[in-house]
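S.K.: Please model the complete structure; the sequences and the hints are all you need to start from.
Chains as they are written, first to last, in numbering that gives the first Met the number 0: chain A, 0 to 289; chain B, 0 to 230; chain C, 0 to 264.
One or more of the hints may lead you astray.
In silico SDA-like links for lysine to any residue, alpha-carbon gap of 20 Å or less [as the list claims (entries may be wrong)]: (1) 77/B <-> 27/C; (2) 161/A <-> 154/C; (3) 161/A <-> 38/C; (4) 77/B <-> 126/C; (5) 161/A <-> 134/C; (6) 161/A <-> 126/C; (7) 77/B <-> 129/C.
In case anyone wonders, no lab produced these hints; they're calculated from the structure.
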Amino acid sequence: MTSQTSLRETESYNFAYLDEQTKRMLRRAILKALAVPGYQVPFASREMPMPYGWGTGGVQVSAACLTPEDRLKVIDQGADDTTNAVSIRKFFQRTAGVEVTEATTGATLIQTRHRIPETPLTEDQILVYQVPIPEPLRFLEPRETETRRMHALEEYGLMHVKLYEDIARHGEITNSYAWPVMAEGRYVMTPSPIPKFDNPKLSDNPAVQLFGAGREARIHALPPYTKVVSLDFEDHPFVASKADHACDICGSHESYLDEVITDDQGGRMFVCSDTDFCGTRSAALAAERG
Amino acid sequence: MITLKDVSKTFTLHNQGDGQSGAVIPVMAGVSLSVAPGECVALTGRSGAGKSTLMRMIHGNYLAASGEILVGGLDVAKASPREILALRREVLGYVSQFLRVVPRVATLDVVAEPLLTLGIPATEARARAATLLARLNLPERLWSLSPTTFSGGEQQRVNIARGFIHPYPAMLLDEPTASLDAANREVVLSLILEARARGAAILGIFHDEDARARVCDRLLDVTGFTPGLAA
Amino acid sequence: MDGAEMSIYARMKGAEPLLSVRNLSKFYGSRIGCADVSFDLYPGEVLGIVGESGSGKSTLLSCLAGHQTPDEGRIAFDGRDMIAMAEPERRRLARSEQAFVHQSPRDGLRMGVSAGGNIGERLMAVGARNYGAIRETALDWLGRVEIDGARIDDRPSAFSGGMQQRLQIARNLVTAPRLVFMDEPTGGLDVSVQARLLDLLRGLVRDLGLSVVLVTHDLAVVRLLAHRLMVMKSGHVVEQGLTDQVLDDPQHGYTQLLVSSVLQV
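M.R.: What follows is the structure in structure tokens.
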């Protein structure tokens, strides 16, 4: 990885693209976010060499956390090989010269869009989420001044009104992703658009979880082992659901599945959305069979 | 039960007088009277002598300029609005000549309301209202209608029912039989006699001399209290 | 006098006012919003505040409800100092023990949320987390304000003006507040709808023992709803007392003018 060309490119950028002052500003915001789990900390979001919506918030947070010794993994919807994941991985390879990996267990920092890896994380890892809209109350109350006040005063009745409306209209809470959670009994936050299947993994997780929203210029965070509760009603409890299937490749019943349409005749298959988990499992099964 | 001591009343018309103070019109002066429990007293005097004004002062509707108006131990002339409200709720009944109610409310509920404000359950209050309306010969088909559309006699009976639904220890009756036919007049007179018998102190205005003679223990001419008429 | 009558006043002597206001003033620069207003409001009492536009009645109401901070004076709610109170506590009171009924239902309802959700919001805000129970309470309240329970999932935008106003009242009263502020609650409604709303409010006040501060310019409304009346002019209270006494035997020149200016039907 440390060929002559990439070294030269690395030297022409500051480490991990951003200048040191910017990273310092970001780290301050991250520390504050970690100190107040679930609270959205404003930060001076920078223009990044990629469009908004492509993970500029996550990239800035990753840039502020990376050290030359880190090993980076980037996933998009669980996959290491999609355009978004590949571009961000390449970006840090060029600007930080860090090692990269596709193995969840081998990574020290994982930037993710819309998934939490299936393989349990450890205390030595940081998970960075790309967040499009950090404010869970946004669609109920458009005024930022008012939502900030609601967070400050713990006025979260409105959040449950949204869930109430779902049940009244559809018989159940219809969020299948971005299901709002309460962090450490204080702040309601969005887990970013991860499937609700992943929500239980937010809670009591040994890894540091950081959430960056570039366009909205907000960072929020969950320090290790934070209690995270998905909002629900006593008589309509939260259920972490997934497609009722096994993976058609590795046969797992436990992992979150993507439905893939295979032809125009309605053919389809269910496969793990976490490509590393699926590949590792398939390889192990193949080895067992000999 | 009802005792007035040297009560006077003036009206000050700020917008009609000359100069800053407006026109001050003395309407009553030196009123002293007393009505004991179980006694019915009729106010007399010609029209404009101040009978209604006096009743309204006792009810707290008009402010007295001076003197004491004691009803059940409370000096209405000096009492706070809150005390007067409690007095009207629990002690002092009033049958006025005019019906003032929320439009579109059923007659039965209009009559039951004084009991509801006393905290009596709605079913019981309505049952008592129904009994009284039946006794006053108000046709049952009218009970669910608003009394605002009723004839004068019907409205009067609704007012009487409201005034007699609770056994108030003191009562003010302003022309209770004015627009009633003979049969209903009899019912009202018996209601008054029953109230008197149970010990209510009653002060009333009766233009109907025969009615006055049958229910009242004594007469009290207010002409002597009226400045300009007394002399 | 016998003891029964005496005891009602003795009982009242012990009662504490729910809302106690002393020398309240609010200025807009050199202009007076309201000046030196004092009164006590006891549990179960309805206080009407009348006066023409610009008389300061709305300024007073918004100071009482905590929407504006007065420049001088004191407001005590149930013995608690409302002006010194921290905002979180004040807002918590505002959505539990107090309520505010706006003249326009659009200001007091969430038009994009169903009738049930509108009623349920205050319950959920104070911690209700059982969907079935919230819905049951919402249905009960729809019944109490005479809205067909079948409309529970409809949005208020599909309701008539009178229904919207009744829904706003249900939404406000669901947490059993002790003090309700009302700003022209019957304004903008047809006369027939107004009468029904007045009757509903009277019943709710009586059955729930509500204390109400009611601002209106409609003397007929205060006569039917308010126990006591305060007349304001140019920011000052010029007269206060028992409602029927103030209306039938007004002492102040302005009140006399106000009462005599009402058109007779």
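S.K.: Now tell me, hint by hint, if it's right for this structure.
M.R.: Checked hints:
1. With a CA separation close to 37 Å, the supplied pair residue 77/B and residue 27/C exceeds the 20 Å bound.
2. As the CA atoms of residue 161/A and residue 154/C are separated by approximately 14 Å, the hinted pair is consistent with the 20 Å bound.
3. Taken as a hint, the residue 161/A and residue 38/C pair is broken in the structure, with Cα atoms around 41 Å apart against an allowance of 20 Å.
4. Distance restraint check for residue 77/B and residue 126/C: the Cα-Cα separation of roughly 47 Å exceeds the 20 Å cut-off, and the hinted pair is therefore not satisfied.
5. Note on residue 161/A and residue 134/C: the hinted pairing holds, with a Cα-Cα distance of about 14 Å set against a maximum of 20 Å.
6. Of the supplied pair hints, the one linking residue 161/A and residue 126/C holds, its CA atoms being roughly 15 Å apart against a limit of 20 Å.
7. Under the criterion of a C-alpha separation no larger than 20 Å, the hint pairing residue 77/B with residue 129/C is inconsistent with the structure, at around 52 Å.
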